[in-house]
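Trainee: This is what each chain is made of:
4 protein chains.
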Amino acid sequence: MHGYTADKDALLKRLRRAEGQVRGVARMVDEDAYCIDILTQVSAATKALETVALQLLEDHLAHCVAEAAERGGPVAQAKLSEASAAIARLVRS
Amino acid sequence: MHGYTADKDALLKRLRRAEGQVRGVARMVDEDAYCIDILTQVSAATKALETVALQLLEDHLAHCVAEAAERGGPVAQAKLSEASAAIARLVRS
Amino acid sequence: MHGYTADKDALLKRLRRAEGQVRGVARMVDEDAYCIDILTQVSAATKALETVALQLLEDHLAHCVAEAAERGGPVAQAKLSEASAAIARLVRS
Amino acid sequence: MHGYTADKDALLKRLRRAEGQVRGVARMVDEDAYCIDILTQVSAATKALETVALQLLEDHLAHCVAEAAERGGPVAQAKLSEASAAIARLVRS
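Protein chains in written order, with this note's numbering: chain W, 1 to 93; chain S, 1 to 93; chain Z, 1 to 93; chain U, 1 to 93.
One or more hints might be untrue.
Just so you know, same-sequence chains aren't split out, so a pair can sit in one copy or run between any two.
Listed next, the in silico SDA-like pairs over lysine to any residue satisfying Cα-Cα at most 25 Å (straight line) [to be verified]:
id, residue 1, residue 2
1, 8, 34
2, 47, 85
3, 47, 75
4, 8, 80
5, 8, 74
Since the hints were made in silico from the structure, they are not lab data.
Make a model of the complete structure from these sequences and hints.
Mentor: Listed below in structure tokens is the structure:
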């Protein structure tokens, strides 16, 4: 069981759409579409992935991190550091 | 012919890798992988798409926009506005 | 008492530096510096603010959110939703 | 003369506001404001700087880069590479 278990179907549906968008970008490049139109499609795929990441992170905080915080101690500390590092990677990417 | 024509093979290769990464994220969700590990993979896919976008933009500036600028006039102005809007979308996404 | 209390001096020092960087950008614009050099300075200021935001968020999770999670109930839920919304704003800005 | 000369007053006004926002963040930290409220203010300052950067870049493309493109040759090539590198820094920051 993970934080995202309840959202699994929605996440998978969103990821399949993102995968289709990336494939769409490749097709546009292959068929010599106009650069700016390709960039618009790249932005759509990037935003879809960002939404997936934020959902995963929210679920992770609300379950794994919250449960570790309830128990306290070094495990809680480690979970919080790990989550903060993941947030930093996300903000900087 | 587009700005990215000379980089087409490299772009398509990179996009196929990004598509594989997104599919990898879906597989990890499906197989109940640990949230933080999934997030790391999402970041990798996002970065790959970002690199594609920056390459497309660089090629677009160096060809379409540069050629329009050489000719000057309202077409040059329109191409520059369009490129700036695409850059803003990219920075804000 | 807030999550960031222990980091207050470091945060204030960093914010004073960021303020100086923004003032530096204004001075460069005022003195007609080269656009690209100004952009480099804007990026430095933006990165400094990002570091402040990530520190505040890490402290917030490790204290306010962790304490709320220990107590559990609707307050914990509200704190987690609030933190997730702040993370989303940060990732999208 | 630079690309941003015509926008200088608007840029300086926006930068003074951003500087005030950063100072506001420092005051909030100093007065122990609630973390999430500080983060909202940090986001506002970051967005203001982003808008400045996009304006500078648009002006730079429409003037310095467009003029270099009209003349062509290695100088045009260098200006385009420099602009692309600045865009990449902005997108990744």
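Trainee: Does each hint hold? Answer for all of them.
Mentor: The hints, checked one at a time:
Taking identical chains as interchangeable, the C-alpha atoms of residue 8 and residue 34 lie at most 25 Å apart only when they sit on different chains, with a minimum of 13 Å there against 36 Å within one chain. In this assembly of identical chains, the alpha carbons of residue 47 and residue 85 lie at most 25 Å apart whether taken from the same copy (21 Å) or from different copies (16 Å). Taking the closest pair of Cα atoms, residue 47 and residue 75 never come within 25 Å of each other, the shortest separation being 33 Å inside a single copy and 30 Å across copies. In the homo-oligomer, the alpha carbons of residue 8 and residue 80 lie at most 25 Å apart both inside one protomer (23 Å) and across protomers (20 Å), since each shortest distance falls under that limit.
In this assembly of identical chains, residue 8 and residue 74 lie within 25 Å of each other by CA distance solely across copies; the values are 24 Å between and 29 Å within a copy.
The structure is inconsistent with hint 3 alone, although it conforms to all the rest.
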